[in-house]
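Chemist: Start from the sequences, fold in the hints, and give me the full structure.
There are 2 protein chains.
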Amino acid sequence: MNKITFQFENGDTPVETFASEDENLLEIARKANVAIDAPCSGNAACGKCRVRLVSGELETSKTAHITDDEYAQGWRLACVSKPAGDVTVMVPDIATAYKNRMKMADLDSPEEIEIFRSVKQDLEEAGITFENDLDAVRVTMEPPTLDDTMPDNERLMRALAEALGTEAEKIRMPFAVLSVLSERLRDAAFDVTCVIRRGADETEILDVRPASVEMKITGLAVDIGTTSVAAVLIDMKSGEILAKASAGNGQIRYGADVINRIIESLKEGGRQRLQDAVIRETINPMIHRMCHAAHIHGSQIYRVSVAGNTTMNHLLCGVYADPVRTEPYIPTFFEADSIYAADLGLHTCPHAHIIMSPNIGSYVGGDITAGTLASCIWNRETMSLFIDLGTNGELVFGNSEFMMSCACSAGPAFEGGDISCGMRATDGAIEAVTIDRDTMEPTLTIVGGQGQKAVGICGSGIIDLVCELFRCGIINPKGKFVREGERIRHDKYGMGSYVVVFREDAGSVRDVEISEVDIDNFMRAKGAIFSAIRTMLASLDFTVDMIDDVYVAGGIGSGINMENAVSIGMFPDIPVEKFHYIGNSSLSGAYTILLSDSARERLKELSRNITYLELSTEPGYMDEFVACCFLPHTDASLFPNLTFK
Amino acid sequence: MNKITFQFENGDTPVETFASEDENLLEIARKANVAIDAPCSGNAACGKCRVRLVSGELETSKTAHITDDEYAQGWRLACVSKPAGDVTVMVPDIATAYKNRMKMADLDSPEEIEIFRSVKQDLEEAGITFENDLDAVRVTMEPPTLDDTMPDNERLMRALAEALGTEAEKIRMPFAVLSVLSERLRDAAFDVTCVIRRGADETEILDVRPASVEMKITGLAVDIGTTSVAAVLIDMKSGEILAKASAGNGQIRYGADVINRIIESLKEGGRQRLQDAVIRETINPMIHRMCHAAHIHGSQIYRVSVAGNTTMNHLLCGVYADPVRTEPYIPTFFEADSIYAADLGLHTCPHAHIIMSPNIGSYVGGDITAGTLASCIWNRETMSLFIDLGTNGELVFGNSEFMMSCACSAGPAFEGGDISCGMRATDGAIEAVTIDRDTMEPTLTIVGGQGQKAVGICGSGIIDLVCELFRCGIINPKGKFVREGERIRHDKYGMGSYVVVFREDAGSVRDVEISEVDIDNFMRAKGAIFSAIRTMLASLDFTVDMIDDVYVAGGIGSGINMENAVSIGMFPDIPVEKFHYIGNSSLSGAYTILLSDSARERLKELSRNITYLELSTEPGYMDEFVACCFLPHTDASLFPNLTFK
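Protein chains in written order, with this note's numbering: chain A, 20 to 664; chain B, 20 to 664.
Please keep in mind that the hints were generated in silico from the structure rather than gathered at the bench. Misleading hints may appear alongside valid ones.
Chain copies aren't distinguished; within one or between two, either way the pair holds.
[Said to hold, decoys possible] As a list, the in silico SDA-like pairs of lysine to any residue whose alpha-carbon atoms are at most 25 Å apart:
| # | residue 1 | residue 2 |
| --- | --- | --- |
| 1 | Lys22 | Met169 |
| 2 | Lys81 | Gly317 |
| 3 | Lys511 | His370 |
| 4 | Lys189 | Arg627 |
| 5 | Lys286 | Arg203 |
This structure is a prediction, so every number in the text was calculated from the model and none was measured.
Modeler: So this is what it looks like as structure tokens:
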């Protein structure tokens, strides 16, 4: 056994562990609960798991991800390095950029909550009422005496039945309530508030609390993205947002995309590991922080709504997910109605019902159906295109008459994955770029504001960067570097790159740069989106000029420059005012079904009516895709309004 | 910290642990999971927790329970002994006689199963049908294809709905089934057997198994006594008994009676400890053994019925039980209908419904209502008295018109508690005794058969012993020793005792004897029963000669000699043929409500119609009780047929 010490660039307390010589540093880090990103799941493909050797010796392979200079400085990929004796390595911040860093939203900032206000207003205009079946009822009982020895549960159920005007037989008390009832009634001197759910056939008691304490019935809406998780804590009566948080999905260290996650889940103990990563390491800590901010206890969360893609939903439930990824691609469920918080180990009221936004296919999940609901495209006669740029790209096209969906393997490029200096849109991320055509010097907008140094580049920044490099003639339509300059480099294999921020100015130990490999990855991602749009429209005999509105959703950030996205051939060349960025529509959709029973019913209907187009079997899709892996496209006539080509 | 070593008389591997000087040996043993009985909960009252010092030094107090001789041999009470340094002690078998020793019944022995056959027949004659809502339905589906991509749960629910002639919307799949569905369907090539529960409004899927494997739907009926737990595993369709087991209730080390258990449960972590003791240490191991014997897996137990007294039911559920023991004596529940195996951690199908035989008061619990059902006294016009001799004594008197119940604090004497050499009716227990009037030599019947040495005395043995000592004039009506002989001893305080088996012939390290203290305890127990009978009948203006039948239930053993029980004034002096021993009626009652939904309904009705008489507030009860603490009674005219007085 060798002793392995992980030091951290950010000054966190070092972690010491012991490992056999068979294990590589990535495996050792996982066991020791040290977060090192490995979007490729440890196949030496993504180059993200770099660490720097401080002392000791590693058996390692050199890869294209590490330059000779870097190698000389001690940089290694953790996934291909096995300790040969005691070893100390340093984990740079960039390697943990995806890790579970929670961020609480500032609710005083109007833009954080505007999305929820506006989606509620849109749905109300579409006839949805914002009412739900949760309620608080005060019940005051005579305490028992020697002459009145009715047991506690009957006493409460009878008194509650009277308060509700129903029969005690139609009230159900789940075990979670029964098991604490005796103390709760006595602590409250038999004067309590019952939290109830009014069902069609019976009323269920979810909680019993002292009437003397102000009762807040809250709910939690969660968007579980492959890369990021976002949640809002809501007052179930007023609809007020009490707290909002986001964090990286703790599963990211088991792979960047759903396929790698499923593969990891098939290993021994994998389902539990992946479920723990998203629930125990991600959602539960978010719940604690949000409840702390809202001055409530997690047990006062009485309903949870979840919107996530099909794989995320399955891994959340710890369900065998292999059939989702293998032909004929069959999930365990589209809809699941009998899941409760205690089943998943969520730190809420144990009997909180989990409302899952329904999936409609293995690759079009509850995040898309929730987003479609929030976009209101189902309530318009005009033709709308809904695009969710998540770790994958999903599209829904249609109007109040029909809707069609499809999914394309865009990969995680829009969230910073697949790009060597990519990162989520958190502090230190470059979110907007312009480049001076003459000097080739960039001007940057960095998340985190004044004084924040650049650490990496997020999705909207990459769109800008590629667009500007192309506009300035620094790269050609194939994404190859064709100009020379201080910021342009070529390695010994001839691969070019552009340095956005030199190491000395960066908030990182490395230059922030973009290489031809990164650009190539990105072009495939944007090509996947555009070819999907074209193919889906073609299958319906539509053309892009028949689109009235485009709703762009996802964590790519409100900074997305639609004109640039059109210029690089990611979106169709239609007037820029037709594009609308609607933010995280998966979360805002989850918010609506949490609060409104009629929104939930509408979503079920919608989901059943959205048809699904399987692109991979669609004739012409692959040709179209290949043609799209250019800037902007091999057929430039598709972009008549473009000023540079 | 001192090192404490527990050795065992029976040769079990010694247990080593470390403890602070503040803790006494009993506390240390509990933490180290060493079973030492302490029916009095460690108050130096019962004298059962004796251990022998092997090496080291103990700070101890001498008690009346340890003679000078014994003290010289190293015998100490664990509850009053604190280690002063490293210590080794030996734990004798007798100290663990109550511990969780499981016994599997021999189902080839007709008497083991006759009780269930006969109770079923009796109930059927009373109009109860033996049908339940559990069922197995074979469902064969077309496997999914690229053209038929319905998710697994919909596929199954639709196919099942078709098989049942209902709608898929009326079928509910709990999370426990959903979470394993995908693998189960594929392992079975989409040809499965569903275990379902047909409810009034919806059908619930409890399990999905390959159709190729023969499906057995089983259920578990459990009688949770304060001292002993007994259970039967049953084929839910045929009613066949597949296995039967009994064990000591693991809670016994926290106190012999319900009051001490409740007090223990109020300490920090106490509710969990007591719940663990009965579920994890007692019932779950029984489930494993029974399932092993029946060649099934615990997950194939789809329903559980429980009959126990009110405190046992509350501790089983981990519910705050203090209000049960303090005025005005209010339980959390009489009936509880929404408890499932997963709530309690039972090793059965997680969604198995727990059917609790209803309590009717804090001191008349589900064991008595189940027993009343099984006794069929509610179906007769003649007057019956039902007596359950458990750790307490409970009575029900009445007929098809009315029934009244009461409870008396008989204590655990009938199960061997409160008696220095008392034990449960397991191997080594003296279950029947005769004494030669001249020689005063006893003739014994010992449980375990030929060659089994006597370890202690069980309830039926104590009845015989006291009766024989009285009949032979060895003790007087006050229970004091009045003859001299080799087997009669008097200690230095003058307290007499009778040696039943000398140490050299016993299966124990001590003489098996009965002292005046034991006899006194026993007389209070039998007096409690008789005075309760008299008081309850008087309250109804009945006399003992109006009793048509007496049904005696409980773990006292089929060996109970009714004539002797009458002779010592425990039962009323009516013809012996009116007495019927019906065994563990709590278990046979639990068996009927497990198998028969109509028995369960009948039991609910019964329970609501049995009135409860609180003896402690009944005028004359205390005087009656005092008069009963004689052999047979201060008023001998109540026993006209007695040949010796």
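Chemist: The structure should be examined with respect to each hint, and the outcome stated for every one.
Modeler: Going down the list of hints, with the structure as the test:
1. Within a single copy, lysine 22 and methionine 169 get their C-alpha atoms no closer than 64 Å, and across copies no closer than 51 Å, so neither meets the 25 Å cut-off.
2. In this homomeric assembly, lysine 81 and glycine 317 never come within 25 Å of each other (Cα to Cα): the closest approach is 48 Å inside a single copy and 53 Å across copies.
3. Taking CA atoms no more than 25 Å apart as the test, lysine 511 paired with histidine 370 passes in neither setting, with 61 Å inside one copy and 64 Å between copies.
4. Proximity of lysine 189 and arginine 627 under a CA criterion of 25 Å is satisfied inter-copy only: 19 Å between copies versus 32 Å inside one chain copy.
5. In this homomeric assembly, lysine 286 and arginine 203 come within 25 Å of each other (Cα to Cα) only across copies, at 18 Å, whereas the closest approach inside a single copy is 44 Å.
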